[in-house]
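Undergrad: Assemble chains Z and P onto chain X, guided by the hints.
Take a look at the letters that make up each chain.
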Amino acid sequence: MKRGLLLVVLALPVAAQNELRFALHDEPKTLDPFLVADEPAEAIRYLTEGVLIRINRRTQQSEAELAKSWKISPDSRRITIELRSGLRFPDGSPFTSADVVKSFERLFDGSLHSPIADAFQSAKGRPKVAALNDHAVVMEFPAPTGSIERLFDQVAMVSARAEHRPAPGLGPYLIAEHKPGVRIVLKRNPSAWKQPPIETIRIDIEQNRDLELLRFRRGELDLIDKLTPDLYERLASELPGSAVDAGPTSDFEFLWFNMAPQAAIPEYKKAWFRSVAFRKAISEAINRDDLCRVIYRGHATPAAGPVSPSNQVWFHAARPVFDPADATRSLAAEGFRLQNGGLRDSAGNAVEFAIVTNAGSKSRERIAAMIQQDLAKIGVKVNVVTLDFPSLIERITRSLNYEASLLGFVNIDPDPSALMNVLLSSAANHPWNPSEKTPATEWEAEIDRLMLAQAESSDLRVRKKQFDRVQEILREQSPMICLLHPNALSAVSARVASANPAPSFPHTFWDFGHMMLHSMNARR
Amino acid sequence: MSRLRVAALSVLALVTLAAMLAPFWARSSYEVQFRETPDARPSWKFPLGTDALGRDRLTRLAYGTRVSLLLAPAAALLTCLEAAVLGGIAGFAGGRIRSIILFAADLFLTLPWLFLLIAVRACLPLNTSPELSVAITFVLLGALGWAAPARIVCAAVAKLRQSDFILQARAMGCSRARLLMRHLIPNVAPVLLAQIWIAIPVYILAEATLGMLGLGVAEPLPSLGSILRDLQGANLVAEPWQLAPAVVLAVLAGAFQLVLPREDYSV
Amino acid sequence: MTALRLVGKYGLRIAALIAIAGLASGVLARYAPGAVADERELDPRLRAESVAALRAEAEASHSLPAFLGHYVRGLIHMDLGFSRSQNAPVRELIADRCGTTLRGLLLALAGGFSIGLGLAIPAARFRRALVYDTSCAVLAGILLSVPAALLAYVCLMAGASSTVVLLLVLTPRIFLFSRNLLAQGYGAAHVHMARARGVGELRILVAHVVRPASGPMLAVAAAAASIGIGACIPIEAICDTAGLGRLAWQAAMARDLPLLVNLTVIVALVTTSAMAVAESLAPQEARS
Numbered sequence: 067m068k069r070g071l072l073l074v075v076l077a078l079p080v081a082a083q084n085e086l087r088f089a090l091h092d093e094p095k096t097l098d099p100f101l102v103a104d105e106p107a108e109a110i111r112y113l114t115e116g117v118l119i120r121i122n123r124r125t126q127q128s129e130a131e132l133a134k135s136w137k138i139s140p141d142s143r144r145i146t147i148e149l150r151s152g153l154r155f156p157d158g159s160p161f162t163s164a165d166v167v168k169s170f171e172r173l174f175d176g177s178l179h180s181p182i183a184d185a186f187q188s189a190k191g192r193p194k195v196a197a198l199n200d201h202a203v204v205m206e207f208p209a210p211t212g213s214i215e216r217l218f219d220q221v222a223m224v225s226a227r228a229e230h231r232p233a234p235g236l237g238p239y240l241i242a243e244h245k246p247g248v249r250i251v252l253k254r255n256p257s258a259w260k261q262p263p264i265e266t267i268r269i270d271i272e273q274n275r276d277l278e279l280l281r282f283r284r285g286e287l288d289l290i291d292k293l294t295p296d297l298y299e300r301l302a303s304e305l306p307g308s309a310v311d312a313g314p315t316s317d318f319e320f321l322w323f324n325m326a327p328q329a330a331i332p333e334y335k336k337a338w339f340r341s342v343a344f345r346k347a348i349s350e351a352i353n354r355d356d357l358c359r360v361i362y363r364g365h366a367t368p369a370a371g372p373v374s375p376s377n378q379v380w381f382h383a384a385r386p387v388f389d390p391a392d393a394t395r396s397l398a399a400e401g402f403r404l405q406n407g408g409l410r411d412s413a414g415n416a417v418e419f420a421i422v423t424n425a426g427s428k429s430r431e432r433i434a435a436m437i438q439q440d441l442a443k444i445g446v447k448v449n450v451v452t453l454d455f456p457s458l459i460e461r462i463t464r465s466l467n468y469e470a471s472l473l474g475f476v477n478i479d480p481d482p483s484a485l486m487n488v489l490l491s492s493a494a495n496h497p498w499n500p501s502e503k504t505p506a507t508e509w510e511a512e513i514d515r516l517m518l519a520q521a522e523s524s525d526l527r528v529r530k531k532q533f534d535r536v537q538e539i540l541r542e543q544s545p546m547i548c549l550l551h552p553n554a555l556s557a558v559s560a561r562v563a564s565a566n567p568a569p570s571f572p573h574t575f576w577d578f579g580h581m582m583l584h585s586m587n588a589r590r
Numbered sequence: 144m145s146r147l148r149v150a151a152l153s154v155l156a157l158v159t160l161a162a163m164l165a166p167f168w169a170r171s172s173y174e175v176q177f178r179e180t181p182d183a184r185p186s187w188k189f190p191l192g193t194d195a196l197g198r199d200r201l202t203r204l205a206y207g208t209r210v211s212l213l214l215a216p217a218a219a220l221l222t223c224l225e226a227a228v229l230g231g232i233a234g235f236a237g238g239r240i241r242s243i244i245l246f247a248a249d250l251f252l253t254l255p256w257l258f259l260l261i262a263v264r265a266c267l268p269l270n271t272s273p274e275l276s277v278a279i280t281f282v283l284l285g286a287l288g289w290a291a292p293a294r295i296v297c298a299a300v301a302k303l304r305q306s307d308f309i310l311q312a313r314a315m316g317c318s319r320a321r322l323l324m325r326h327l328i329p330n331v332a333p334v335l336l337a338q339i340w341i342a343i344p345v346y347i348l349a350e351a352t353l354g355m356l357g358l359g360v361a362e363p364l365p366s367l368g369s370i371l372r373d374l375q376g377a378n379l380v381a382e383p384w385q386l387a388p389a390v391v392l393a394v395l396a397g398a399f400q401l402v403l404p405r406e407d408y409s410v
Numbered sequence: 140m141t142a143l144r145l146v147g148k149y150g151l152r153i154a155a156l157i158a159i160a161g162l163a164s165g166v167l168a169r170y171a172p173g174a175v176a177d178e179r180e181l182d183p184r185l186r187a188e189s190v191a192a193l194r195a196e197a198e199a200s201h202s203l204p205a206f207l208g209h210y211v212r213g214l215i216h217m218d219l220g221f222s223r224s225q226n227a228p229v230r231e232l233i234a235d236r237c238g239t240t241l242r243g244l245l246l247a248l249a250g251g252f253s254i255g256l257g258l259a260i261p262a263a264r265f266r267r268a269l270v271y272d273t274s275c276a277v278l279a280g281i282l283l284s285v286p287a288a289l290l291a292y293v294c295l296m297a298g299a300s301s302t303v304v305l306l307l308v309l310t311p312r313i314f315l316f317s318r319n320l321l322a323q324g325y326g327a328a329h330v331h332m333a334r335a336r337g338v339g340e341l342r343i344l345v346a347h348v349v350r351p352a353s354g355p356m357l358a359v360a361a362a363a364a365s366i367g368i369g370a371c372i373p374i375e376a377i378c379d380t381a382g383l384g385r386l387a388w389q390a391a392m393a394r395d396l397p398l399l400v401n402l403t404v405i406v407a408l409v410t411t412s413a414m415a416v417a418e419s420l421a422p423q424e425a426r427s
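Chains as they are written, first to last, in this note's numbering: chain X, 67 to 590; chain Z, 144 to 410; chain P, 140 to 427.
Keep in mind the hints are simulated off the structure, nothing from the lab.
Possibly wrong hints are sitting among the right ones.
Claimed, not checked - Computed footprint of chain X on chain Z, listed as stretches where at least three residues anywhere in the stretch have a Cβ under 8 Å from a Cβ of chain X:
hint, stretch
1, 145-154
2, 208-217
3, 252-265
4, 360-368
To be verified - Which bits of chain X does chain Z cover? Going by a derived footprint, with three or more residues having C-beta under 8 Å, they are:
hint, stretch
5, 287-297
6, 356-362
7, 421-434
8, 447-455
As the list claims (entries may be wrong) - Calculated cross-link-like contacts (lysine-lysine; reagent style DSBU-like; alpha-carbon spacing at most 35 Å):
hint, chain 1, residue 1, chain 2, residue 2
9, X, K336, X, K447
10, Z, K188, X, K443
11, X, K428, Z, K188
12, Z, K188, X, K447
13, X, K443, X, K503
14, X, K253, X, K137
15, X, K292, X, K428
16, X, K530, X, K292
17, X, K194, X, K503
Just so it is clear, CB atoms sit at the ideal spot from N, CA and C, and this is done for glycine as well.
Chain X extracted, bound-state conformation (with noise of 0.2 Å):
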């Protein structure tokens, strides 16, 4: 009787003892590793293939992995790369300086249009790669590239002699089992350089974030990445030790107006949005705090810029002004007046406009809807749109049908040049006023001079200043209004030990080389 029991209890399925699970929220759009833009993907990609250098996600320092040791020329031009020596790919070949030399040519390969490329190049294009020995490289720059090192995180070193892309890398872990749309299961790898104390990892494909915070509580989860103000409260409620605020995120949420000169829009809006009175006006009348307080429950800090209070080697220090008073002040001086509790403008038309952001987000549907009321209360009515992410797009860079817009930005690097491709006023990007031929007003002109000088220069100290004097004119001419940082809120089990989630993605597994579980460590 007693064996049968213990044979049922044995038959029972339970956590595999050595084995980490959690979720993503969507099916990763691609498994190549030089395609990667989603985050589902780049989670993916940062457990499964090897890096030269890795940016700690806690002390944002450069780290050694596939290199030994690197070395970056005075003019920021050249960095010298020491690889490991010894390793081997799983197809048994071994990892030389012409796998790295391969994968930067695939990487730089002109069809794939790859978002890790691009960042390399500058205006004067690409950098040339080169092998000095079987263990050493060389890139060389067009023009000098500051932090050159913080490049190389996201690129995959890959096997000159696969025959098959993606292949097996030098990653942690390997893919062992992938249902698209279900679960992707990976493997500790043989033949990583560094053997993660975890063997496996299960990934689940799970979009609905109540069922994975059910699945969290009941055990069936060890990790939730990126948690919702809402279900962080409620775990933090249930199971207090769980729930873990890794501080502020370098993300930002922010509203633009639309100011391109061939916006679907009527002329006299576009004038609005053109004066710097109005835009800074309607920043001053968006109560930040509220937002902060009343949709992110408290872990939120209200911005005043793009770049976050947490970074603290970029942040010029400055606080977000609310003030109606002073912004009806504003507006009155602009020749607006206030009629019935509406705002009318001097050729007596009604202040009013749409805010478009993305259907199912339920916090940015939130701010809209908080900016919708601090606006009325200036007598500006606010229409919000939400739409479906594709139909958003569409308007947002093609049509440039829309008004005002509210999004958010997803900062994958803390420097700078991470926000080139969103200041510089010739770039796709460009929210306010992509693709300009050249610089509408003058103020664009010196954000664009300012932050390709930053570019191009290695001295901090004059980068940091380029930088302040980008922040000041944004502050100034309130392009885009960033309305907060989000805080990094993500849920770790009892079940593991060593997780340091931080502000940076992916915020729980990060640090895969240090991470175990109890039953592990009960083991040892």
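TA: Coordinates of chains Z and P only, in the frame set by chain X:
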């Protein structure tokens, strides 16, 4: 059974009255945010508590019910008008015309209308008011929902066409128009009325489903669907009052169904 | 009617419906706003040239005539295209998820009929048991009055699967229809005669009530299957079940043309077949 129908009608009347008179009895408007008390528990000031932005749940529930009670019957009427015309023609004419219309009805039942709703939403002008936007949604639901009622009307008209009094009228030289207006339509009217009563709760539920999927009404106008969406992430065990909109929805839809005469199956 | 005659009578109609439904969904997917928009364009790392190249690529790959031509040719080799949003061949995606949805639907139908019939038989037999009948009708009415999406959410929180939600959606409909049908059967003159002649209740039920009603019952099953397929989309989307319903929802949100067209064709096939079965099995006088 008639007592049950009376009770259902009374409940409907009560809910409708409460919803329509909301501007008079509600403490504040549905969009006002009491930001110092978000997610508040029920109290004297807020009988159903407040939502995540500090808005009075009871007020929003009343206004949301108003939206459904005003627009769902309009959508149902539109559906039944279409069904009357198309189903009537199909049943009356018979033959190829009937086949074509029923083919079209089957086609309407198989197309992915959810996708059309997503597409129409995306096409609306930016400054369309939330009220107009939700009205358009209901009109679309009404315009697309004719297929099933049309089949029923077609069957009813076809059956009537073979009935003795119609045959007699035709034998006596009654014109088609007179036949339609004096004999067919008055006899099909009860079927149409039943279809309207069936369609109303269907459209209330359809809007609620769309709202829960994130395709509902724009802020700040509440609808039953957008209010129900707040259930996602809520702790229903600790905060059972959040189920109030679900209860109202079930009561409304159930009352509409009970008002319909139950089929008498005694022989 | 034999199966062959059924196919003959309805086959052409079903084929035409499926073809038009597939074409219509393709047109909707291609020409709805956002059809050629690519999320990758918003990547802040991309330079202007790369964004322009992505846009050109998207425009070129979204030609509807080219897609339809490729699709029809591919059908011969059972190549249903490639899903950009799911990063997998459409055939593989459908094959993986078909089982989950079918299994759920069949279990829900079986459960719905078991429970629905189980409750309907006493209600039909004992017409004067008003308390029982009213209680069942009220419970069915409540379930019919709650949207499938809400039922899905509540069941999700309670830890129930999407099959349970489908069961709750289908059972009240099956119960109400079965009750009426069986009551008509019990009220027939020959049943009274059989009872007067001392025939047992079980035999009356099986031979004289259920057997004559089997045709319309099958019609109910077909109609319920059709309703179930439609309800699968919100249910699987909310319960996050890896079935065809969730796939259809993801395809709609991502404007995934190949996936949308294929799923529409499948849903159209099941729905029209179910309607054809229901129509052919419905009583003669109802089909005029």
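Undergrad: Residue count check for the stretch 447-455 of chain X against chain Z: does it reach three with CB-CB under 8 Å?
TA: holds (count 6)
Undergrad: Given the hinted pair K253(X) and K137(X), is their Cα-Cα distance within 35 Å?
TA: Satisfied, since the Cα-Cα distance of roughly 34 Å is no more than 35 Å.
Undergrad: Would the hint linking K336(X) and K447(X) be met if the CA-CA limit is 35 Å?
TA: holds (16 Å)
Undergrad: Given the hinted pair K188(Z) and K447(X), is their alpha-carbon gap at most 35 Å?
TA: Holds: K188(Z) and K447(X) sit about 28 Å apart, inside 35 Å.
Undergrad: Are the Cα atoms of K443(X) and K503(X) separated by 35 Å or less?
TA: violated (38 Å)
Undergrad: Are there at least three residues in the stretch 145-154 of chain Z whose beta carbon sits under 8 Å from a beta carbon of chain X?
TA: violated (count 0)
Undergrad: Three residues minimum, CB to CB under 8 Å: does the stretch 287-297 of chain X make the cut for coverage by chain Z? Let me know.
TA: holds (count 3)
Undergrad: Under a C-beta cut-off of less than 8 Å, do 3 or more residues of the stretch 360-368 of chain Z approach chain X closely enough to confirm the stated coverage?
TA: holds (count 3)
Undergrad: Below or equal to 35 Å on CA atoms is what counts here, so check K292(X) against K428(X).
TA: Satisfied, since the Cα-Cα distance of roughly 14 Å is no more than 35 Å.
Undergrad: Are there three or more residues in the stretch 356-362 of chain X whose C-beta lies closer than 8 Å to some C-beta of chain Z?
TA: holds (count 4)
Undergrad: Taking 35 Å as the top limit, are the C-alpha atoms of K530(X) and K292(X) close enough?
TA: holds (31 Å)
Undergrad: Does the stretch 252-265 of chain Z contain three or more residues whose Cβ lies closer than 8 Å to a Cβ of chain X?
TA: holds (count 3)
Figure legend: structure checked against the earlier numbered hints; hints not met, in rising order: 1, 2 and 13.
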